[in-house]
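Per my numbering: the sequence shown ends with 628, consecutive numbering throughout.
In case anyone wonders, no lab produced these hints; they're calculated from the structure.
No experiment lies behind these values; they were computed from the predicted model shown.
Any given hint might turn out to be false.
[Stated by the list, open to error] Restricting the straight-line Cα-Cα distance to at most 20 Å, the calculated cross-link-like pairs of lysine-lysine (PhoX-like) are:
#: 1; residue 1: K431; residue 2: K367
#: 2; residue 1: K526; residue 2: K504
#: 3; residue 1: K497; residue 2: K456
#: 4; residue 1: K499; residue 2: K456
#: 5; residue 1: K524; residue 2: K497
#: 6; residue 1: K504; residue 2: K524
#: 7; residue 1: K444; residue 2: K410
[Claimed, not checked] The calculated label-pair distances, taken between Cβ atoms and stated as ranges, are:
#: 8; residue 1: K400; residue 2: S462; range: 26 to 32 Å
#: 9; residue 1: T561; residue 2: E377; range: 23 to 29 Å
#: 10; residue 1: R568; residue 2: P469; range: 20 to 26 Å
#: 11; residue 1: T483; residue 2: N529; range: 23 to 29 Å
#: 12; residue 1: Q519; residue 2: T599; range: 39 to 45 Å
#: 13; residue 1: S462; residue 2: V378; range: 28 to 34 Å
#: 14; residue 1: H533; residue 2: R628; range: 24 to 30 Å
#: 15; residue 1: S462; residue 2: N371; range: 18 to 24 Å
#: 16; residue 1: S396; residue 2: T608; range: 51 to 57 Å
#: 17; residue 1: F594; residue 2: Q380; range: 40 to 46 Å
#: 18; residue 1: E603; residue 2: T580; range: 17 to 23 Å
#: 19; residue 1: P605; residue 2: E374; range: 58 to 64 Å
#: 20; residue 1: T370; residue 2: F594; range: 54 to 60 Å
Note that CB positions come from ideal geometry on N, CA and C, so glycine has one too.
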Amino acid sequence: MGKGTKIWLGIASGLILLGCIIGVGAMSMLNWDFRQLSTVKYETNRHEIQEVYQNITIITDTADITFAVSEDGKHYVICHEQEKAAHSVGVTDGELVIQLVDNRKWYEHIGIPFQAPKITVYLPRGEYGKLSIRASTGDIRLPEDFSFESADIAVSTGDIALFSSVAETLKLKTTTGKITVSNVHCTGDLSVQVSTGKAKISNVLCHSLTSTGSTGDITLENVTALEVFHIERSTGDIELERCDAATLYLQTDTGDIEGTLLSEKVFFVESDTGDVEVPKTTTGGKCEIRTDTGDIEIEICR
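Given the sequences, and given the hints that come with them, work out the whole structure.
This is the structure in structure tokens:
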């Protein structure tokens, strides 16, 4: 290595070290709060709701959505959101509608955000009508303090966590994210759809359960369907613990299928390159299991 090259390498190393020192000093002055480096300005808006409503619809782009108990009995929505990309909140024909109104120019979409917008819906504990949520990116959480007539929730990138009860149908869909459902009793069908992500369903009673997914495991604990389980995965395991349905269809391309059922079944099982172990029962409901390159192991709870 020549002398000139060594000198330039020394200068470059010194500049990198100087940049690191300046960066550490600047972040120390900001108490290591990276949000202060954001080039996107945020504001917090509170919307009081005086009108009577039953149904709730939320349409947004990028925002975390949380439902929380209003201890004072009032209905209101707090939006922490970008300037010129605020949400409108109002009641129309008995429906609470929260919707993004994006007034930004194209060049105002360019920026470095260090925080996500957030919508918090404060409601008294109780029963509500139909819930519909459409979002692009963000997590959605519904605590057990609320119950809905039906729920239809779809998000492209984000987790869905639902612990509230739903009387009729429940549809959950996420492209990249995790779905968690617990303590739900619905007289209708439960649909859980994921592309890349895990699903965990526990303590659920429904009419029928349908779940499809590409990559990710699905785990069911204490889940009972009066009619059908129909579960398909491309790459991922299917695990059942103390579950049951009159008819079960379980299929995965690359993944294991295992667990325990509450009642005997007539089994129709096929595996191309995996081991199979199921009870030799000849009475009860119907259970069809198929996997290409996975093991199958099912037991009946005694």
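Verification of the hints:
A hinted pair counts as satisfied when its Cα atoms are at most 20 Å apart, and K431 with K367 qualifies at roughly 15 Å. Restraint check for K526 and K504: the C-alpha separation of about 8 Å stays at or below 20 Å, so the hint holds. Taken as a hint, the K497 and K456 pair is honoured in the structure, with Cα atoms around 12 Å apart against an allowance of 20 Å. With a CA separation close to 16 Å, the supplied pair K499 and K456 stays within the 20 Å bound.
Distance check on the hinted pair: K524 and K497 sit about 16 Å apart at the alpha-carbon level, within 20 Å; holds. For a cut-off of 20 Å, the pair hint linking K504 to K524 stands: about 5 Å separates their Cα positions. A C-alpha spacing of about 15 Å is found between K444 and K410, which places the hinted pair at or below 20 Å, so the restraint holds. Checking the proposed 26 to 32 Å range against K400 and S462 shows it holds: the Cβ atoms sit about 30 Å from each other.
Take T561 and E377: their Cβ atoms lie about 48 Å apart, and the range 23 to 29 Å is violated. Between R568 and P469 the CB atoms are about 25 Å apart, so this pair conforms to the stated range of 20 to 26 Å. Separation of T483 from N529 is about 27 Å and conforms to the stated range, judged on CB atoms against 23 to 29 Å. Evaluation of the 39 to 45 Å hint for Q519 and T599 yields a failure: the beta carbon distance comes to about 28 Å.
Between S462 and V378, the C-beta spacing of about 30 Å keeps the proposed range 28 to 34 Å intact. Take H533 and R628: their Cβ atoms lie about 27 Å apart, and the range 24 to 30 Å holds. Between S462 and N371 the Cβ separation comes to about 20 Å, which falls inside the hinted range of 18 to 24 Å. S396 and T608 have their C-beta atoms about 56 Å apart, which keeps the hinted 51 to 57 Å range intact.
Between F594 and Q380, the C-beta spacing of about 45 Å keeps the proposed range 40 to 46 Å intact. Evaluation of the 17 to 23 Å hint for E603 and T580 yields a pass: the beta carbon distance comes to about 19 Å. Checked against the hint of 58 to 64 Å, the C-beta distance between P605 and E374 comes to roughly 59 Å, which is consistent with it. For the hinted restraint 54 to 60 Å between T370 and F594, the CB-CB distance of approximately 57 Å keeps it satisfied.
Figure legend: structure checked against the earlier numbered hints; hints not met, in rising order: 9 and 12.
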